[in-house]
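Chain by chain, the residues:
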Amino acid sequence: MAKSNEPILWLLFSVGGMISAMLFPPLIIITGIIVPFGLEGETTYLFEKIHFLVKNPFVKLLLFFVIALPFFHWAHRFRFTLVDIGLKPISFLISTLCYGGAVAGSLLTLYTLLRI
Amino acid sequence: MSETTEIEIFRYLPDKDNEPFFKSYEVPYREDWVVLDAINYIKDEIDGTISYRWSCRMGVCGSCGMMVNGEPKLACSTFLKEYTLGKIRVEPLQGFPVERDLIIDINDFMEKLKAVKPYILRKEKDEKPIEEGEYLQSPAELARYKQYTLCINCMLCYAACPVYSLNSEFIGPAAIALAQRYNLDSRDQGRNHRQEMIASHEGIWECTFVGECSVVCPKDVDPAAAIQRAKVSSTIDWFMKIIMPLSKTK
Amino acid sequence: MTTYRKPVSNTWWLERKQYFFFVIRELTSIFVAGYCLFLLFIISEISDGQEKYTLLILSLKSPISLVLHFISLPFILYHTITWFNLTPKIMKLQIGEEIISEKLIVGLVYISWGILSLIIFWLILGV
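Protein chains in written order, with this note's numbering: chain A, 1 to 116; chain B, 1 to 250; chain C, 1 to 127.
FYI, nobody ran anything at the bench for these hints, they're computed from the structure. Careful: at least some of the hints might be erroneous.
To be verified - A short list of chain A residues far from chain B (calculated; beta carbon distances all over 12 angstroms):
#1 W10
#2 M22
#3 L27
#4 I29
#5 F37
#6 I50
#7 F52
#8 V54
#9 N56
#10 L62
#11 I90
#12 V103
#13 S106
Said to hold, decoys possible - BS3-like, lysine-lysine: derived pairs with alpha carbons at most 25 angstroms apart:
#14 B:K241 <-> B:K117
#15 C:K6 <-> B:K16
#16 B:K219 <-> B:K117
#17 B:K81 <-> C:K89
#18 C:K52 <-> A:K55
#19 B:K117 <-> B:K146
#20 B:K146 <-> C:K6
#21 C:K92 <-> B:K241
#22 C:K52 <-> A:K60
#23 B:K146 <-> C:K103
#24 B:K146 <-> C:K92
#25 B:K43 <-> B:K23
#26 B:K219 <-> C:K17
#27 B:K87 <-> C:K6
#28 C:K92 <-> B:K219
#29 C:K89 <-> B:K87
#30 C:K17 <-> A:K49
#31 C:K61 <-> A:K49
#32 A:K88 <-> C:K103
#33 B:K117 <-> C:K92
#34 B:K23 <-> C:K92
#35 B:K219 <-> C:K52
#36 C:K61 <-> B:K219
#37 A:K88 <-> C:K17
#38 C:K103 <-> C:K92
#39 B:K219 <-> B:K146
#40 B:K123 <-> B:K241
Glycine included, every Cβ here is placed at the ideal spot set by N, Cα and C.
Based on the sequences and whatever the hints tell you, model everything.
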């Protein structure tokens, strides 16, 4: 039933949630522990490798989903949390700000990836 | 172990006073007593004015749901010996209007139960006359929905659900689990009729998967899982409707 | 007949341990969004040239970056663990009469996570 448009928002939330659950912990360990504490070895070689990876169009496509979808995960979850904490009277405004924010984040992701 | 234990009960006597109050009673402490035994003792021996619901006293009728020390419980299945420290506080089930003492107004739930059409629905052309016998079902088909048949309508899940406490428009865990019981029943053809209620803003989409409903359920119905599965199937529906707008879904 | 409705305060989530941890779980999404923005920052700094890259590595070593990472990691891990543990509820898989055990599904999810993490470490760090 296309009665409510919640299904698509829930789907974006779910996929974004799975992506962030799977990929963010190892990434945080890399950017927060391994690289800052120099545990990865020779950094110049690393630069060439990452540079090459990130400019690859297929990698860019993947990166778009890896970053844009978690924005929608945040939007959906944060919206419901704010409503439950007592902001129900302005729930339409909250939805607009949250999903609007996710769209903005996705556009920023697109811009960043196309620029490099 | 002390000889007696203190039970503090929420009292509300609307014909006397608009404000509720708590009243404490000393009841004998018995190893094998449940909260229901204690309340029955109070009614019989100490204070006959106390009102509450109970029936089977063995956890199958769903009548005696109450908050015991802030947790939704069946009074007949909650042992005094679980609460060795301090007094036991008994309140009416959270999230419902209180009519008197521990008796809540369950009309909202009853309306929702009716609204999800909790019975087998078949298309007219697929109805069999009685002479042709029953609709057969394999054990595998039974396994798909059997867990959701165990619901005793005790409403502990509604008491545990913060979404329902905040918004009584929410259809709620038990109603959705019961709708799923029929949606997943191979003999049923009525899923479309239930989607109106289930896939609405006040239906599954209000649920934020807190999960407490399944934790407190005395029958392991797992309504939280029923709701999440309904979200998946409703999402698939949504896409099917967009891809093939003219086809009829089940 | 007047019924009594117990008022629900906006701090309902502080009244029960389970509700508190639920709200914490929901608030992990803020750290998810924050890290997304951080990833965008890294991507833009990493592709401009060796100089910018070196500066980026230096900024990763800065106290503020380290502090934010150390705060974010437990929250993101809490998101991951609660997410994985709830996965079997979303999909009840059935083979014949047997319903596949929830523990098995959770186990498979964690194993996939392990494999994916190793792939990421290999891709980025070349180990």
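*Determine which of the earlier numbered hints do not hold for this structure and return their numbers in increasing order.*
The structure breaks hints 1, 17, 20, 29, 30, 32, 34, 35 and 36; every other hint is satisfied.
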